[in-house]
Amino acid sequence: MPGLRPDEWQALSPQLEKALDMTGEERVEWLSFLRKENPGQADQLERLLDQHQALERENFLNDRVIALPEKSGLSGQSIGAYTLVSEIGQGGMGTVWLAERNDGRFERRVAVKFLNIALLGKGGEERFQREGIILGRLAHPHIAELIDAGVSQSGSPYLVLEHIEGDHIDRYCDQRQLPITSRVQLFLDVVAAVDHAHTNFIVHRDLKPSNVLVSHDGCVKLLDFGIAKLLEINAKDDRVQLTVEGGRALTPEYAAPEQLTGQPVTTATDVYALGVLLYVLLTGQHPTKTVTNAPADLVKAILDREPVRPSEAVISRNQGEEQVSAAARRSTTPEKLVRLLRGDLDTVVIKAIKKNPHERYSSAKALADDLRRYLNSEPISARPDAFAYRATKFIRRHRGRVLAMFLVALTLALASATTWLLSRRLTPLKEIKQRRLTANSVEAPVLNAVLSPNGKYLGYADLHGIHVESVDTSAPVRISVPPELGNDNASRAFGGWYPDSTRFLASSSTEGSLSQVWSVSITDGKAEKVAEIEGLFESVKPSPDGSKILYASGFRNSGAPELWLMGPKGETPHRIKSAEDQSGFQLLGWSPTGSRVVYIYVRHQEDRPDISVRSCDLDGTNEATIVREPRLDAYAWTSSERFIYSRTGDPGGTESDNLWELKVDGNGVAKGPSRRVTDWSGFFVQALSGSADGKQLVFLRGSSRISTFVGEITNAGKGLGSVRDLKIDDNFNIPLAWSSDSREMIFSSKRAENRLIYSQAIDAGSPSQLVTSTPGMNFYIARLTPDRSALLLEGSPNGKYDSAIYRQDKNGNQRLLFDTNGFVQYWCSDIAANLCIFGQMASNTNDLVITKFDPETGAQRELIKIPVEPGSSARVGEDYAWQLAPDGSSIAILRRDHNWIRLLSLKSGVTKTLLLASQPKLVDLNWASNSRGLFVSSRSATGAVITYVGLNGTTRPFWQKPAARWAGVLQSPDGRHAALWSVGRDANAWMIDEF
Amino acid sequence: MTSASAKGPNQQNESIATTALFSTLYAELHRLAKRELWRGGPVSLSVTTLLHEAYLGMSSKDDSLFPDQARFMGYASRVMRGIIIDHVRSRSAQKRGGEFDITSLDGDVLQGPADADELSLISDALNQLAAFEPELAEVVDLKFFCGFSFAEIAAMYKLSERTVQRRWEKARIYLHQSLRSDSSH
Numbered sequence: 001m002p003g004l005r006p007d008e009w010q011a012l013s014p015q016l017e018k019a020l021d022m023t024g025e026e027r028v029e030w031l032s033f034l035r036k037e038n039p040g041q042a043d044q045l046e047r048l049l050d051q052h053q054a055l056e057r058e059n060f061l062n063d064r065v066i067a068l069p070e071k072s073g074l075s076g077q078s079i080g081a082y083t084l085v086s087e088i089g090q091g092g093m094g095t096v097w098l099a100e101r102n103d104g105r106f107e108r109r110v111a112v113k114f115l116n117i118a119l120l121g122k123g124g125e126e127r128f129q130r131e132g133i134i135l136g137r138l139a140h141p142h143i144a145e146l147i148d149a150g151v152s153q154s155g156s157p158y159l160v161l162e163h164i165e166g167d168h169i170d171r172y173c174d175q176r177q178l179p180i181t182s183r184v185q186l187f188l189d190v191v192a193a194v195d196h197a198h199t200n201f202i203v204h205r206d207l208k209p210s211n212v213l214v215s216h217d218g219c220v221k222l223l224d225f226g227i228a229k230l231l232e233i234n235a236k237d238d239r240v241q242l243t244v245e246g247g248r249a250l251t252p253e254y255a256a257p258e259q260l261t262g263q264p265v266t267t268a269t270d271v272y273a274l275g276v277l278l279y280v281l282l283t284g285q286h287p288t289k290t291v292t293n294a295p296a297d298l299v300k301a302i303l304d305r306e307p308v309r310p311s312e313a314v315i316s317r318n319q320g321e322e323q324v325s326a327a328a329r330r331s332t333t334p335e336k337l338v339r340l341l342r343g344d345l346d347t348v349v350i351k352a353i354k355k356n357p358h359e360r361y362s363s364a365k366a367l368a369d370d371l372r373r374y375l376n377s378e379p380i381s382a383r384p385d386a387f388a389y390r391a392t393k394f395i396r397r398h399r400g401r402v403l404a405m406f407l408v409a410l411t412l413a414l415a416s417a418t419t420w421l422l423s424r425r426l427t428p429l430k431e432i433k434q435r436r437l438t439a440n441s442v443e444a445p446v447l448n449a450v451l452s453p454n455g456k457y458l459g460y461a462d463l464h465g466i467h468v469e470s471v472d473t474s475a476p477v478r479i480s481v482p483p484e485l486g487n488d489n490a491s492r493a494f495g496g497w498y499p500d501s502t503r504f505l506a507s508s509s510t511e512g513s514l515s516q517v518w519s520v521s522i523t524d525g526k527a528e529k530v531a532e533i534e535g536l537f538e539s540v541k542p543s544p545d546g547s548k549i550l551y552a553s554g555f556r557n558s559g560a561p562e563l564w565l566m567g568p569k570g571e572t573p574h575r576i577k578s579a580e581d582q583s584g585f586q587l588l589g590w591s592p593t594g595s596r597v598v599y600i601y602v603r604h605q606e607d608r609p610d611i612s613v614r615s616c617d618l619d620g621t622n623e624a625t626i627v628r629e630p631r632l633d634a635y636a637w638t639s640s641e642r643f644i645y646s647r648t649g650d651p652g653g654t655e656s657d658n659l660w661e662l663k664v665d666g667n668g669v670a671k672g673p674s675r676r677v678t679d680w681s682g683f684f685v686q687a688l689s690g691s692a693d694g695k696q697l698v699f700l701r702g703s704s705r706i707s708t709f710v711g712e713i714t715n716a717g718k719g720l721g722s723v724r725d726l727k728i729d730d731n732f733n734i735p736l737a738w739s740s741d742s743r744e745m746i747f748s749s750k751r752a753e754n755r756l757i758y759s760q761a762i763d764a765g766s767p768s769q770l771v772t773s774t775p776g777m778n779f780y781i782a783r784l785t786p787d788r789s790a791l792l793l794e795g796s797p798n799g800k801y802d803s804a805i806y807r808q809d810k811n812g813n814q815r816l817l818f819d820t821n822g823f824v825q826y827w828c829s830d831i832a833a834n835l836c837i838f839g840q841m842a843s844n845t846n847d848l849v850i851t852k853f854d855p856e857t858g859a860q861r862e863l864i865k866i867p868v869e870p871g872s873s874a875r876v877g878e879d880y881a882w883q884l885a886p887d888g889s890s891i892a893i894l895r896r897d898h899n900w901i902r903l904l905s906l907k908s909g910v911t912k913t914l915l916l917a918s919q920p921k922l923v924d925l926n927w928a929s930n931s932r933g934l935f936v937s938s939r940s941a942t943g944a945v946i947t948y949v950g951l952n953g954t955t956r957p958f959w960q961k962p963a964a965r966w967a968g969v970l971q972s973p974d975g976r977h978a979a980l981w982s983v984g985r986d987a988n989a990w991m992i993d994e995f
Numbered sequence: 001m002t003s004a005s006a007k008g009p010n011q012q013n014e015s016i017a018t019t020a021l022f023s024t025l026y027a028e029l030h031r032l033a034k035r036e037l038w039r040g041g042p043v044s045l046s047v048t049t050l051l052h053e054a055y056l057g058m059s060s061k062d063d064s065l066f067p068d069q070a071r072f073m074g075y076a077s078r079v080m081r082g083i084i085i086d087h088v089r090s091r092s093a094q095k096r097g098g099e100f101d102i103t104s105l106d107g108d109v110l111q112g113p114a115d116a117d118e119l120s121l122i123s124d125a126l127n128q129l130a131a132f133e134p135e136l137a138e139v140v141d142l143k144f145f146c147g148f149s150f151a152e153i154a155a156m157y158k159l160s161e162r163t164v165q166r167r168w169e170k171a172r173i174y175l176h177q178s179l180r181s182d183s184s185h
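Top line first, the protein sequences correspond to chains A and B.
With the working numbering as the guide, the letters of the first sequence map in order to residues 1 to 995.
With the working numbering as the guide, the letters of the second sequence map in order to residues 1 to 185.
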């Protein structure tokens, strides 16, 4: 049909208008009527109306395709409280600007990201802001903080994000020539962030190197979390119109197959992108790299081609020089690189980038777990039957139950893994000679130690008091100890030295009274009281010139809420800084010149602390971050340029603390990346201090130990009489149960090749092996069946991750009862109730699922599912301890590091909560044998504490173990004895002479 | 339909005013568009806001030019159409540089580069239509090029939504006819 002439159109137009207003039936009737008068026009109209239907169907012109003009860049515009400074990036999602606060309240640079979506109407804006709030709650040290979200005056939605100065992770690794293990470690931070988001139901969807920045101090930050989702959610809203310039800016190289084919995006999509990222970090290449680089080829490769294993990729694709440089960027040779990648890393990466989402790791956490296993030289789950290290495996499997023991086991396990680690490290660090200065036992570990500025004296505190000794000869220096500093009930600390190294400050605190600060001279041995301070936190630090004293006061979980300064005689105390809510100051110090005070600042974000070392001027202003490091343990600013800190290895990893070094300016601002300077393993490193010339460095080096005791129970089961050391030996023995006659304690121990179950009479004698040992089998936990006729053992063969419950009867015969799916805690009641249960975290929620099982047959039935703490990120396996009452009536659940215990009656399903106001840091619980009370262990400032808590709410102190980090009680069935154990530490001062 | 005689006396004046208006508007819209870009917001989406702002800005300067918002929108949307087509043309030139995008086809929004030639054809056809039924062409400008909804356009012109929709449908039939005949040449 030719185009309509204007006159034709003008004739048809009014008719068309009429027809468009009619229903279909009316139209037919009207057209037939019209046809009689003007058949030509009726035909034309009919055709046009048919076309109209077709146009309607195909949405002709209904979709806008338009995006606008050339970009131009001018700054100075305001967005909320921020002024745009300069454009720092542009991507598919939008434009990113550097901005700073314009209200002058505090200096903060932020990134403002404008999203390429339009929100029409108020509903769209509200929805966007709501989403922004959800994302803002995603607090994690490795996720760039979302500070604000809003819609600009012109209707553009924007996000205000933490501004990260850093490099893309791949470039960061290459520029620093990080070896493979360091890359994997760095990558684990990325995975941790992704996992955190996943547990909050937020999928990233666009993970790629440019979204993973590493700051110069080595801190990983993920950008753009959930923004892809934000775009999509808005697109589904009718009232919201979405236009992305040039289409959704998916990064094809990191897109998972399901994203390209329009399948649902899940957490598995992020696992894929993580896999690709890891592939790139390990090999420098893309798993489905194509020759042509054409998008169509790339898409085809992502969908169809099986990726080459990383180890093969570095051989086959990188020939000659390129191959050498790829290896050099990883501080190794091509041959070694291939060897490093071949095997576990190949397997892990390939599993992460499976085309079928269901074949990938089920979660980011599972991927992380395997990588940690790789780092620990344990068998990875993706290929279960490889080698293993039993000791490390023990920790891993039982970390839920014994959080503190975990630390012990870790250190022990390290010893065996050390050789392995050292042989795998590619660029061994220069060996640093260290020597021990003190010789304290585990009963009285060194609590803190400070080197004098001239490097000649060591001042330290332990349970017995404050001491000074010569660094060269270890001879003690006589000082007169004021009675308050020697008081056994006081917690005391060596504060710091005055600049001439002849005097020092020390403090003592006794609960309920003012803390005392003493100045002690080592030349005449005299001490004088300088000040009394209310709520002194830790200790006092004299400034490098001796003119001021720095201290913190108050107590919170995160540290002290206030920083104070006073004169050398305690005069004019004044507060210089207050912490934000939920935050606190710890480990105070000074800059070498004394112009800045230094402190660790701990901010609690949900459950995770954000830890940084910061410094500020003496009036509390001009705060600057020196280093932000969640695993920081201690620091020392040893010379004008040199800042040293100790950092814990990956929790669960095999590395222990190591020293790191940072070059800083006068304000403590880092001038470059952190550098690791030690290659230690097997101990923790705390309380760093240096001599004034910066050459000598003193630190506390230690490890955890476990001790076992047996005590008489008095006072109708609530009190403790005499306690004696059970002196089993030093093989990390964990009391587990009592024999039915209450005469022997049953414990697990690794005194032979494998961890097995032993018993020892409490009166005397040596332990006897209780379980029938099967070669290659470890047994970790033992419980008695309700009728006390058999043992229920949790065991697993060497190298196997999943464990099983076995039953061993009186004549020593073992049989498998059931396999556990991962870690379980299991308990049996006494015969009266004939009940055995195990509890496990539900796989997809955080519920505690209690399952009843038959101790004879192993038959199971789910009993109850308990939403332990709705909305919390706490995990049942790690953050809760629970136990079945011996009479089978109820379950007590304790939240670690909090102060509540929940009692769930199995008969009525009613829960009751016990709040222990005076014990804020609970660790574990054990039922009294009469089921009428609980022994609750908690941590205090001076040691481990066990409190008897009656079900009626009465509490009574039961046992205290000074200097211990953790303690536990197991009451004998007859109620007369308690097996007691404590996890303490063995810590001494060590020194590096040439640092 | 407006009769020729009703238009007659004012025609001369109006076209002079229109010319002046167009150049002023063009400058104003470009200024706004640039400012919009400084803010980082993609302008394509904010055309709506842009026009509102341009109207507020210009009507405060000289209210004789714009007796009502509908009149202003009629002009402004035509100006906007020109800016948009220019942009698409320059963008499609850049696109040929070889960068690739993967277009996600989910959602109800068609994405992907608009074809500048096709837009030009639409524009030409709209100009023809505007010669005898300007109110139909305006609806297309406002809806297709500027992204207003029927409800918004109805509010501007103080018409019922149904009327606006009918105008849109008619205009679309006309454009389709016109484009088809054009491409069949």
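Since the hints were made in silico from the structure, they are not lab data.
There could be a bad hint or two in this list.
To be verified - Only pairs whose alpha carbons sit at most 20 Å apart, straight line, appear in this in silico SDA-like list of lysine to any residue:
hint	chain 1	residue 1	chain 2	residue 2
1	A	K526	A	S470
2	A	K18	B	R166
3	A	K671	A	L213
4	A	K529	A	K569
5	A	K18	B	R71
6	A	K18	B	E135
7	A	K526	A	G465
8	A	K921	A	G953
9	A	K18	B	G82
10	B	K158	B	E169
11	A	K18	B	E118
12	A	K865	A	I831
13	A	K671	A	G166
14	A	K365	A	S470
15	A	K750	A	G721
16	A	K18	B	E169
17	A	K727	A	Q769
18	A	K912	A	L951
Checklist line | Hints the structure fails to honour | finding: 5, 9, 11, 12, 14 and 15
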